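J.: So the protein sequences, as listed, match chains A and B. Sequential numbering from 76 applies to the first sequence in this note's numbering. Sequential numbering from 53 applies to the second sequence in this note's numbering.
Since the hints were derived computationally from the structure, they do not count as laboratory data. Some clues are possibly wrong.
Claimed, not checked - As a list, the in silico DSS-like pairs of lysine-lysine whose alpha-carbon atoms are at most 27 angstroms apart:
(1) A:Lys199 / B:Lys76
(2) A:Lys459 / B:Lys79
(3) B:Lys108 / A:Lys127
(4) B:Lys76 / A:Lys165
(5) A:Lys392 / B:Lys109
(6) B:Lys76 / A:Lys135
(7) B:Lys124 / A:Lys199
Keep in mind it's a predicted model, so treat the numbers as computed, not measured.
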Amino acid sequence: MNIYEGKSVFHGIAIGRISVYKKGEQQVKRVKIKDAEAEIARFEESKAQAVKQLQGLYDKALCEVGEANAAIFEVHQMMMEDDGYNDSIKNMIRTQEINAEYAVASTGDNFAQIFASMDDDYMKERAADVRDISERIITVLSGTDSAMAAAKEPSIIVAEDLAPSETVQLDKDMVLSFVTVHGSLNSHTAILARTMAIPALVGTPLPLDETTDGKLGIVDGTSGKIYVDPDEQTLTEMKIKQQKELERKELLQTLKGRENVTLDGKKVMLYANIGNIKDLATVLQNDAGGIGLFRSEFIYLEKDSYPTEEEQFQIYKQAAETMAGKRVIIRTLDIGADKQCSYFEMEQEENPALGCRAIRICLTRPEIFKTQLRALFRASAYGKIAIMYPMITSVKEVKRIQEIVALVKEELTEQGIDFGEPEQGIMIETPAAVMVSDELAKEVDFFSIGTNDLTQYTLAIDRQNTKLDEFYDAHHPAILRMISMVVEHAHRAGIWAGICGELGADQTLTQEFLAMGVDELSVSPGSILPLRKIVLETNVEEYKAGKENVNRTET
Amino acid sequence: MKEFKYVITDPEGIHARPAGLLVKAVKEFTCDIKIAKDGKAMNCKAIFGVMGLGAKKGDEVTLTFDGTDEEKAYEAVSKFMSENL
């Protein structure tokens with residue numbers, strides 16, 4: 076078994092024979108010609124033919140992958156009609172007295188070079204489009220047929236790279252997955268694979284020889300790996316994973332676009348937890364109603380020095396704009412304990428979980444905090460951002476935050492910089508915050524219960540210590556009562572309360588949370604639709620009545 | 053000759069698809085139409101030229117029209133820009 080890793084374009088599992096695709100390599104020779112005008116006529120004829128082919132591909136793609144993705148073939152047609160491109164080809168034929176094939180190939184290379192050298196990832200990718208149209212004309216000119224050899228059984232297509240015209244020419248029923256050695260996440264192939272919803276990998280360094288061709292392969296779009304000639308155990312594991320994926324996909328189809336409302340009309344917000352701006356795509360794919368926990372730490376952890384206000388602003392703004400009016404709850408810096416950042420130069424602590432972390436760092440080093448707040452307030456002008464402060468234990472801390480926030484707003488106003496008015500909430504993750512949640516509720520716009528830390532602090536069990544697993548009870552009545560209390564206090568003050576810890580995704584508790592009146596559950600994107608299913612099937616009043624009956628018989 | 057300036061608001065800038073649409077729109081007219089950014093002027097009827105500007109969101113482009121139907125082209129293209137870019 077050989078395992079190769081690439082960049083995943085689309086999730087999912089594909090199992091099948093590997094078919095290595097090799098381009099009908101265009102060997103373009105430079106040939107002297109005598110009649111330049113006749114050669115130009117030959118070029119014009121072939122180009123017209125190529126344009127016609129593209130029209131055919133456009134029509135085919137229109138049916139298969141929709142207008143937005145088919146548009147590339149219309150663009151290709153225009154590229155072929157581009158005056159500069161045509162002039163260059165004809166000029167070469169005339170002045171150098173060379174064959175049309177060579178002139179097209181050289182011009183294609185030159186134009187591709189222009190795009191490849193542009194300072195923009197998207198434009199760089201367009202070099203592939205120029206090469207693609209040039210190859211198409213050359214194919215017609217030389218009369219060779221580059222149509223992909225039709226696979227006899229559904230296969231995993233492995234190639235050096237695939238041009239959009241090549242992917243669309245494939246018989247879709249015969250393609251289980253694409254794996255390419257080159258290509259980027261921005262390439263049209265990647266975009267098409269996503270639209271076709273088949274697992275695909277790009278940038279995968281695997282050999283295109285007899286060690287892969289014809290072998291059994293497994294593409295795991297979740298981990299970005301391809302297994303060539305897998306062993307029995309891997310095959311069994313992957314078949315189970317594939318089955319689960321399939322079930323999830325079916326769920327997605329039936330549940331997408333539906334409101335999260337119980338049979339008796341109680342609504343709940345199902346939001347997504349994300350740890351990186353790159354996760355935004357999965358948030359939308361899974362139909363999240365918003366982002367309930369955006370862990371801003373990644374911005375700090377990925378860097379060697381403090382991220383600037385501008386860097387942070389761009390990231391928050393992108394999140395706000397991508398979510399287009401849906402709530403994006405960004406948690407302010409939460410480092411310390413198990414998440415360390417060397418340039419913060421924190422002192423070694425005896426008890427880091429109980430040490431200088433999260434809001435405590437922000438309040439003791441207000442300059443770092445202010446930079447983040449400025450970026451957040453500025454980005455709020457571009458969407459529905461909400462700010463969430465972690466590790467709160469007292470009203471006094473909230474008051475101190477409010478003072479800093481007031482200062483930040485004053486400065487922004489003085490400098491004439493645009494900013495919005497984000498909602499501001501706190502995480503309830505210490506037993507102290509639970510006990511004073513009635514007081515805290517008067518100061519903030521929302522609560523989000525962080526069950527991981529709340530459980531560790533309440534049960535006095537270190538999360539990192541696996542030896543304590545037998546004592547760790549995620550469903551401990553103390554925790555459930557705390558959640559109920561926090562929700563009640565929130566509602567009494569007229570604010571909402573959600574859960575963003577792992578417990579929120581626990582499907583055995585969803586009905587219980589609904590009965591408690593929890594307003595929001597923020598979970599990993601993949602858990603949203605399974606939770607929606609439970610919500611849709613629940614009748615909260617019946618559930619409560621049933622519980623009371625059980626209690627009565629027990630006593 | 054007529055001319056107008058436009059600041060790109062499309063978050064993706066003038067990428068392949070809108071460039072294609074723009075070229076398609078201007079090809080309807082016989083007058084000479086140029087699109088320029090940072091002093092670099094390109095033939096607006098050729099897609100490589102338009103894409104080659106690499107105009108991104110926030111960039112200002114200048115469109116100039118020169119020829120018999122410049123009035124009509126000016127109207128149509130300014131409408132196209134504000135609707136699509």
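J.: Against this structure, judge whether each hint is valid.
T.: Evaluated hints:
For the hint linking Lys199 of chain A to Lys76 of chain B, the alpha-carbon distance of about 23 angstroms falls within 27 angstroms, and the restraint holds. At most 27 angstroms may separate the alpha-carbon atoms for a hinted pair to count; Lys459 of chain A and Lys79 of chain B exceed this at roughly 41 angstroms. Distance restraint check for Lys108 of chain B and Lys127 of chain A: the Cα-Cα separation of roughly 32 angstroms exceeds the 27 angstroms cut-off, and the hinted pair is therefore not satisfied. At roughly 23 angstroms between alpha-carbon atoms, Lys76 of chain B and Lys165 of chain A fall within 27 angstroms of each other, so this suggested pair holds.
For a cut-off of 27 angstroms, the pair hint linking Lys392 of chain A to Lys109 of chain B stands: about 14 angstroms separates their Cα positions. Distance check on the hinted pair: Lys76 of chain B and Lys135 of chain A sit about 21 angstroms apart at the alpha-carbon level, within 27 angstroms; holds. This hinted pair does not check out: Lys124 of chain B and Lys199 of chain A have alpha carbons roughly 35 angstroms apart, beyond 27 angstroms.
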